[in-house]
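Each chain, letter by letter, is given below.
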Amino acid sequence: MAAGIGVVLTGAGLLLRNGTVLALAIPFLLYCGVLLYIRLAPPAPSLSVRRSLEPERIEEGGRLEVLLAVENRGEAIPMLGLIERPPLGCEATEGMTVSLRPLGAGETHTLSFALQACRGVHAFPAVQALVWDRLSLSTSTLSIPEESELFAQPRVEIFDTIPIRPRRTRAFAGVVKANVGGSGLDFFGCREYVSGDDIRRINWRAFARWNELVINEYEQERIADVTVILDARERVNTRIGEACVFDHAVRAAASLALHFLDQGNYVGLLIYGNYLDWTYPSSGRVQRERILEALARARTADKSVFEDLSNIPARRFPPRSQLILVSPLADEDDVEILGILRAREYQILLVSPNALPSKSTERPSDEAFSLAIRIAQLRRALLLDTLRRIGVVVIDWNISEPLTVPLHGLVKGGWRHKWR
Amino acid sequence: MAMKRLALVFFSLSAAVLAACGFAAGLLPLGGCGVFLGVVGGVLVLFEAEARGLSLLLLLITLLAVANALLRATPYLVVFAVASALIGWEFGLTAVQTKPFSKPDVARFARKKLASLAGIGAGSLALAAIAFQAQFRLSFGLALGLGLAALLLLGLAFRSTTTRPRSES
Chain C
71 MAAGIGVVLT
81 GAGLLLRNGT
91 VLALAIPFLL
101 YCGVLLYIRL
111 APPAPSLSVR
121 RSLEPERIEE
131 GGRLEVLLAV
141 ENRGEAIPML
151 GLIERPPLGC
161 EATEGMTVSL
171 RPLGAGETHT
181 LSFALQACRG
191 VHAFPAVQAL
201 VWDRLSLSTS
211 TLSIPEESEL
221 FAQPRVEIFD
231 TIPIRPRRTR
241 AFAGVVKANV
251 GGSGLDFFGC
261 REYVSGDDIR
271 RINWRAFARW
281 NELVINEYEQ
291 ERIADVTVIL
301 DARERVNTRI
311 GEACVFDHAV
321 RAAASLALHF
331 LDQGNYVGLL
341 IYGNYLDWTY
351 PSSGRVQRER
361 ILEALARART
371 ADKSVFEDLS
381 NIPARRFPPR
391 SQLILVSPLA
401 DEDDVEILGI
411 LRAREYQILL
421 VSPNALPSKS
431 TERPSDEAFS
441 LAIRIAQLRR
451 ALLLDTLRRI
461 GVVVIDWNIS
471 EPLTVPLHGL
481 VKGGWRHKWR
Chain E
201 MAMKRLALVF
211 FSLSAAVLAA
221 CGFAAGLLPL
231 GGCGVFLGVV
241 GGVLVLFEAE
251 ARGLSLLLLL
261 ITLLAVANAL
271 LRATPYLVVF
281 AVASALIGWE
291 FGLTAVQTKP
301 FSKPDVARFA
311 RKKLASLAGI
321 GAGSLALAAI
331 AFQAQFRLSF
341 GLALGLGLAA
351 LLLLGLAFRS
361 TTTRPRSES
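If you're matching them up, the sequences are chains C and E in order.
Under this note's numbering, the letters of the first sequence match residues 71 to 490, in that order.
Under this note's numbering, the letters of the second sequence match residues 201 to 369, in that order.
Quick caveat, the hints were computed from the structure, so don't treat them as lab data.
The structure displayed is predicted, hence computed values, not measured ones.
Built from N, CA and C at the ideal position, the CB exists for glycine as well.
Watch out, some of these pointers could steer you wrong.
[Claimed, not checked] Footprint (simulated), chain C over chain E, 3 or more residues, beta carbon under 8 Å: (1) 254-263; (2) 274-284; (3) 295-306; (4) 342-352.
Take the sequences, apply the hints, and build the full model.
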């Protein structure tokens, strides 16, 4: 720009044969001359960047320390501006993410700051560096890539016990009631004594009554296949202010999956919404990582193919296993699909996050709004009642309270009768 | 903030000098234009206008300076005004670049930059003074040489903008 004005002024001055107009070009030409002198031998900064995260993995909303070390491997830089932009969904809470200072040859400058991250896998963008020459006139912008990923896993709640009763269990010992007599803790029934049975299990009262040896049997406890299905359809996951029902649903799914994994069960995960994000059932620490990563990346989506639950790939679930559906549910179509799954002998536990109670307090003076909320609540109650009738165990979860509360209510309210 | 303040000072100084020149010559429209450009400059700098806005302002101030020069204003004052506008423009552009940085760091940088730009401003005035003092005849050859040198400078300036330094991670 300055060079252009300088040239035009020179031309105008020469054409008009006016010394003052020609003199006006002097500041521009001098400025451009100096700039050109600098740019003909531009500073060649050679910067090396290292980023370290402590810890590399946090719970959503947690805090981590970031250290960004920038080493100058070239000539001294008269003025260096460093800009470290936190990834989307992260916020710098402490420390400096930018700096403007000279950096000598071989010198290392470190930026230290704290980040708070929401759920997700966050990739850091490249570090931006602005390098000024010794006269502070010319700037070079560098983009220095340094790949780092921050993993913010969903917040997990710890539960005491969650009663499940799948129709089929695996052969290995666990904590899930297998509905099969054998060794265990809970009394299951009696049978006739067979040679080789443990005599400590003989029911002496029955012997006294019938004069026949009868053996007490206890219910076997085994591990089971559990599939957690997270409903990620945009249309069912409403947003209330900053928070989304989906965030609560993800936390619930993570808590439930980890609970059953910690008990030694085989746990799979299906995120239904954007596509069929399927984590094959397995157990152990690796599976725990797989599930947490899948849930950290989970996002809602609005796809017409997943408008209702009819595309749930039931064939992928282990037959007659336990399904845990975390979904606010949409309409009667969803109820029908769950009915089909029940008919295929899957046991279904529905954890349904309910945002309506917290929403009803938003506009207490608005009668139309209150009426709409009441209608929605009645419709929801009707859906859940229908599901209870077809044998789905329903947890109607008010998201303003922890999931432990309705689960505790389920255990207290005689859960054995609920599983059919 | 320091960059913005300096940009405002230099743009205002330039506009004030040109307005004063206009009013002194009895040309109210020129003086009015100077005042108007001063206000526009203030607004552009305070609201952190893009480079295009600041460049347009520099162009308008230069045009006003040319008008003043053609209407026989004091040459030193006009050159001073143009040099001030150029310094204000440079500070305005740097203000946008240094926006993310902390105030003390930017203030330190602004002082360093002020020294360089003051040098260019003083150099411009000195060169103008030499040019005005030295009496030489503007021949066709000299004019052609000056024109070609200016064009060469322009070409080199454009070419130099494409060079990029290396970086590694």
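- Quick one: see if chain C covers the segment 342-352 of chain E, three-plus residues with Cβ-Cβ under 8 Å. With 5 residues close enough to chain C, the hint holds.
- Message: Using a Cβ cutoff of 8 Å, are there at least 3 residues of the segment 254-263 of chain E near chain C, or does the coverage claim fail?
- Response: The restraint on the segment 254-263 of chain E holds, since 4 of its residues have a Cβ under 8 Å from chain C and three suffice.
- Are there three or more residues in the segment 295-306 of chain E whose C-beta lies within less than 8 Å of some C-beta in chain C? holds (count 7)
- Query: Has the segment 274-284 of chain E got at least three residues whose CB is nearer than 8 Å to a CB belonging to chain C?
  - Reply: Answer holds; 5 residues pass the 8 Å Cβ test.
Of the numbered hints listed earlier, not one is contradicted by the structure.
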